[in-house]
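Below, each chain spelled out in residue letters.
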Amino acid sequence: MSGSNGIVVSGLRREFRGGIKAVQGIDLEVAPGEIYGFLGPNGAGKSTTVLMLTTLLPPTGGSATVAGFDVAGQGAQVRRVIGAALQEAALDNYLTAHEHFELQAGLHGMARKQRRARAVELLERVGLTDAADRKIGGYSGGMRRRLDLALALVHRPRVLFLDEPTTGLDPQSRSALWEEVGRLAGDEGVTVFLTTQYLEEADVLADRVGIIDRGRIVAEGTPNALKAAIGQSSVEAVPADPRDRERLADVLSRFGEPASASPKGVAVRLGGGTEELVDVVRALDAAELSVAGLQVHEPSLDDVFLAKTGRSLEGAGDQPAAEERAAVPA
Amino acid sequence: MSTSVATQVGFIARRSVRRTFRQPAVLVPTIAFPLFLLAVNASGLDSATNLPGFPGDSYLDFAIVVTFMQGALFAATTAGTELATDIESGFLDRLQLTPLRAVAILVGQLAGAVTVALGGAAVYLAVGLIAGVTIVTGVGGALVLLGLATLIGVAFGSIGAFFAARTGSSQAVQGLFPLLFVTFFLSSINLPRELIEIDWFRTVAGANPVSYLVEGMRSLVITGWDAAALLRGFGVAVAVSIVGFAAAASSLRTRMART
Amino acid sequence: MTAFGQVAVAVARRNLLVTFKNPALILPAAIFPLVFLLAFAGGLSNLANVPGFSFPSGYTSFQFVFVFLQSAAFGGVFTGFAVAADYESGFARRLMLAAPNRTGLIMGYVLAGVGRFAFTASIVTIAGLAAGMQVDGGVVELGGLLVLAVLVNVVATLFGVGLCMRTQSMQSVPFLQIPVFLILFLAPVYVPLDLLDGWIKAVAPYNPATAFLETGRGFISGEPDHVLVAFAAAGAMVALLGFYALRGLRKAEAGG
Numbered sequence: 019m020s021g022s023n024g025i026v027v028s029g030l031r032r033e034f035r036g037g038i039k040a041v042q043g044i045d046l047e048v049a050p051g052e053i054y055g056f057l058g059p060n061g062a063g064k065s066t067t068v069l070m071l072t073t074l075l076p077p078t079g080g081s082a083t084v085a086g087f088d089v090a091g092q093g094a095q096v097r098r099v100i101g102a103a104l105q106e107a108a109l110d111n112y113l114t115a116h117e118h119f120e121l122q123a124g125l126h127g128m129a130r131k132q133r134r135a136r137a138v139e140l141l142e143r144v145g146l147t148d149a150a151d152r153k154i155g156g157y158s159g160g161m162r163r164r165l166d167l168a169l170a171l172v173h174r175p176r177v178l179f180l181d182e183p184t185t186g187l188d189p190q191s192r193s194a195l196w197e198e199v200g201r202l203a204g205d206e207g208v209t210v211f212l213t214t215q216y217l218e219e220a221d222v223l224a225d226r227v228g229i230i231d232r233g234r235i236v237a238e239g240t241p242n243a244l245k246a247a248i249g250q251s252s253v254e255a256v257p258a259d260p261r262d263r264e265r266l267a268d269v270l271s272r273f274g275e276p277a278s279a280s281p282k283g284v285a286v287r288l289g290g291g292t293e294e295l296v297d298v299v300r301a302l303d304a305a306e307l308s309v310a311g312l313q314v315h316e317p318s319l320d321d322v323f324l325a326k327t328g329r330s331l332e333g334a335g336d337q338p339a340a341e342e343r344a345a346v347p348a
Numbered sequence: 005m006s007t008s009v010a011t012q013v014g015f016i017a018r019r020s021v022r023r024t025f026r027q028p029a030v031l032v033p034t035i036a037f038p039l040f041l042l043a044v045n046a047s048g049l050d051s052a053t054n055l056p057g058f059p060g061d062s063y064l065d066f067a068i069v070v071t072f073m074q075g076a077l078f079a080a081t082t083a084g085t086e087l088a089t090d091i092e093s094g095f096l097d098r099l100q101l102t103p104l105r106a107v108a109i110l111v112g113q114l115a116g117a118v119t120v121a122l123g124g125a126a127v128y129l130a131v132g133l134i135a136g137v138t139i140v141t142g143v144g145g146a147l148v149l150l151g152l153a154t155l156i157g158v159a160f161g162s163i164g165a166f167f168a169a170r171t172g173s174s175q176a177v178q179g180l181f182p183l184l185f186v187t188f189f190l191s192s193i194n195l196p197r198e199l200i201e202i203d204w205f206r207t208v209a210g211a212n213p214v215s216y217l218v219e220g221m222r223s224l225v226i227t228g229w230d231a232a233a234l235l236r237g238f239g240v241a242v243a244v245s246i247v248g249f250a251a252a253a254s255s256l257r258t259r260m261a262r263t
Numbered sequence: 217m218t219a220f221g222q223v224a225v226a227v228a229r230r231n232l233l234v235t236f237k238n239p240a241l242i243l244p245a246a247i248f249p250l251v252f253l254l255a256f257a258g259g260l261s262n263l264a265n266v267p268g269f270s271f272p273s274g275y276t277s278f279q280f281v282f283v284f285l286q287s288a289a290f291g292g293v294f295t296g297f298a299v300a301a302d303y304e305s306g307f308a309r310r311l312m313l314a315a316p317n318r319t320g321l322i323m324g325y326v327l328a329g330v331g332r333f334a335f336t337a338s339i340v341t342i343a344g345l346a347a348g349m350q351v352d353g354g355v356v357e358l359g360g361l362l363v364l365a366v367l368v369n370v371v372a373t374l375f376g377v378g379l380c381m382r383t384q385s386m387q388s389v390p391f392l393q394i395p396v397f398l399i400l401f402l403a404p405v406y407v408p409l410d411l412l413d414g415w416i417k418a419v420a421p422y423n424p425a426t427a428f429l430e431t432g433r434g435f436i437s438g439e440p441d442h443v444l445v446a447f448a449a450a451g452a453m454v455a456l457l458g459f460y461a462l463r464g465l466r467k468a469e470a471g472g
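Protein chains in written order, with this note's numbering: chain A, 19 to 348; chain B, 5 to 263; chain C, 217 to 472.
Simulated from the structure, these hints should not be mistaken for lab results. Any given hint might turn out to be false.
[Stated by the list, open to error] Every beta carbon over 10 Å from chain B, so not counted as near; a handful from chain C, in silico:
#1 Ala-219
#2 Phe-236
#3 Ala-240
#4 Arg-309
#5 Leu-313
#6 Arg-318
#7 Thr-341
#8 Val-355
#9 Leu-367
#10 Lys-417
#11 Val-454
#12 Tyr-460
#13 Arg-463
[What the hints assert, rightly or not] So the derived list for chain B, only partly shown, Cβ under 10 Å to chain A, looks like this:
#14 Arg-22
#15 Phe-95
#16 Leu-99
The beta-carbon is built from N, C-alpha and C at its ideal position, and this holds for glycine as well.
Same shape as in the complex, but just chain A:
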């Protein structure tokens, strides 16, 4: 799978001074044109991995190639074919969007005319045409991320790295960004390596997901396969009359093991999948139980994370990823 745009990682490690093992030997492959979601809590090693794959941080062990180039030995070649929007969208508050393009495209060696045309095209694409000559200091978080993405694309990279591209964004800006990333991979065949701590983001956007925890990949696969592998759907019913709760539990218990539910409801795992839902409804009807609510819960990536690590993804991180980097130079 190491084709022209792919990523191949083998036994990649990074230790920092003081023996902190941020990344402890990970293996993964990303196919050309694929969107790979790297999911994990804060401090799991996501950003360290991205820094290594983008050649900004030398690995202390293992190897990785991006678009066929070795990240350790062929840094310059790797940088030529990748684009990256790193955490916190580092932009210059005193420059305009156009001036950012001028700087970044200029440093990539693009001629003045080309620079301008590419800037106009990309700004249009991320919806920043009207704000192009305003200083970044006045931009909202969503605008900054969009500009960051556009800048990452300036030299037409074949592989795109996005480190937590939507952290801190409102739902609207988030889905706009998702749409754009999806289009890049779908229409232009750009390989996307994306880190996130949001389950939904990985679920919606990624073709495949790798779950990283404490520097190790604990699960990998398509979102559906991952969810299917660990669990079944569950159904939760809330009785119309609270006194029926016990009878309701009796009926439901015929369909599977009990699962966690809201205080007023009863839930069980559906051993036979969601197709059993019809049977559940019939059984409730036969028992003359009226319900105020009936809900099916699909297993989430959080369930996957929980199953693999024994912890819930939300709140599992205890340190911001930025601290990983702070430990680099002396």
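Dock chains B and C against the given chain A, drawing on the hints supplied.
Relative to chain A, chains B and C alone:
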């Protein structure tokens, strides 16, 4: 598609100058303050010219070079703060992902800071001349003076850049300011060395490179073409520039650990 | 304690804790006056030989008074910075909401300013004495110098608080520093008033800082002069700037 180092330097320098001019709250006081101090000291310390052995009879002539030293201090904090802020914010990572060379970042930041410092120096000189400064070496001397002032800007700028590359913290760079400030005062910046009465102070001033920078510039204004003073001034400025730049480049290379 | 007193003490305590725990804040406050003392009293001591210069207690004492009053003024200026920083961080909003007596806020900042000055004043005094400064004034005169310096400190704090409560931004720091610097240096800093030359000679006699300096120098040499003028000027400035600070507080209340 690759760019020459000179082109890269141009891009970084242009950005640095732009940033500085877009922060008038920083720029205006730093240009105005040395002029204010010059105005105050030229008048307040004018009676020092009555001391036996004082060169010339105008403290304004004597003090005009102090503004250039403050301009250099400005270059140091600008170059340092800009670089440190880029490191802190992650902007350096953005730059590192382009084919930009470490040395181009450094030269670019310095060029930007020194351009601003040179602009400041031109303003100081113009205001000084209007206020009645006479430069005994004439137009040629004034140009050499600006040249030396620029070189001193490079010297202090590279110290600022070294601090930034080494610590990666703009707060640490701000801490450099009092340090340089102290170094300035412990020199012949306010009185000729021969007229400093207190022995240890005179000794310290004699060992302080700042004294030679100041005296080199001052010789052009007050005494005329003094080869020895100029040699010492340019010598110190070049030496500090080389050492500072080498240290900054080495620290920045360590920090830019990209493969 | 009254609400006013409680608020004042709480604000002052927090402010001083923040300052003294942060080397980036406290070191410059300690180092700058020392550098000035060193540079002026040490480097410029030859100025005492300028024809016509007569100050009985010597040049170190002459400059000590300037540096002492300067550090008093800057103790107040730094408190102004703290007010601006409090507004930028949003802490001031919390203070305004929590304080049962908001006028106490101003008093708190004033106390914090005095606390800062107490710190630098001790350092500068020790340094001055170590440098062999000659003190000819008695206890009453030295007390007079101290009270005068505290008044200068309060004046600067009130100015800083008033300004920063209006601007609520660190961007206004130069507008706080420059006027204070201006007033301090448009005075007989290096030589007595009658030896001044040029445009400062025209301005200095009308500058209150001149009165403070001359009176302070009179105190340390045991020959107090213009005492009434200096204290009247200081008192008037406290009243005026106190009003300015209070109006600033009211504006801040109205705005947020």
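Tested hints:
1. The non-interface label for Ala-219 of chain C is consistent with chain B: the shortest C-beta to C-beta separation is roughly 37 Å, beyond 10 Å.
2. The non-interface label for Phe-236 of chain C is consistent with chain B: the shortest C-beta to C-beta separation is roughly 17 Å, beyond 10 Å.
3. Listed as outside the interface, Ala-240 of chain C is inconsistent with that label: its C-beta sits roughly 6 Å from the nearest C-beta of chain B, within the 10 Å cut-off.
4. Every CB of chain B is more than 10 Å from the CB of Arg-309 of chain C (nearest about 23 Å), matching its label as outside the interface.
5. Remark: the non-interface label on Leu-313 of chain C is consistent with the geometry, its nearest Cβ contact in chain B lying 29 Å away (cut-off 10 Å).
6. Residue-level check passed: Arg-318 of chain C sits 29 Å from the nearest beta carbon of chain B, beyond 10 Å.
7. Thr-341 of chain C, annotated as away from the interface, keeps every beta carbon of chain B farther than 10 Å; the closest lies near 20 Å.
8. With 10 Å as the threshold on Cβ separation, the claim that Val-355 of chain C sits away from chain B holds: the shortest Cβ distance comes to roughly 30 Å.
9. Every CB of chain B lies more than 10 Å from the CB of Leu-367 of chain C, the least distance being 24 Å, so the non-interface label holds.
10. Listed as outside the interface, Lys-417 of chain C is inconsistent with that label: its C-beta sits roughly 7 Å from the nearest C-beta of chain B, within the 10 Å cut-off.
11. At roughly 26 Å from the closest C-beta of chain B, the C-beta of Val-454 of chain C stays outside 10 Å, upholding its exclusion from the interface.
12. Every C-beta of chain B lies more than 10 Å from that of Tyr-460 of chain C, the closest at about 22 Å, which supports listing it as non-interface.
13. Residue-level check passed: Arg-463 of chain C sits 24 Å from the nearest beta carbon of chain B, beyond 10 Å.
14. Nearest Cβ of chain A to the Cβ of Arg-22 of chain B: about 7 Å, under the 10 Å cut. The hint holds.
15. Because the beta carbon of Phe-95 of chain B sits about 4 Å from the nearest beta carbon in chain A, less than 10 Å, this interface hint is met.
16. A distance limit of 10 Å between C-beta atoms decides the matter here; for Leu-99 of chain B the minimum to chain A is near 7 Å, and the interface restraint holds.
Violated hints for the displayed structure, listed by number in ascending order: 3 and 10.
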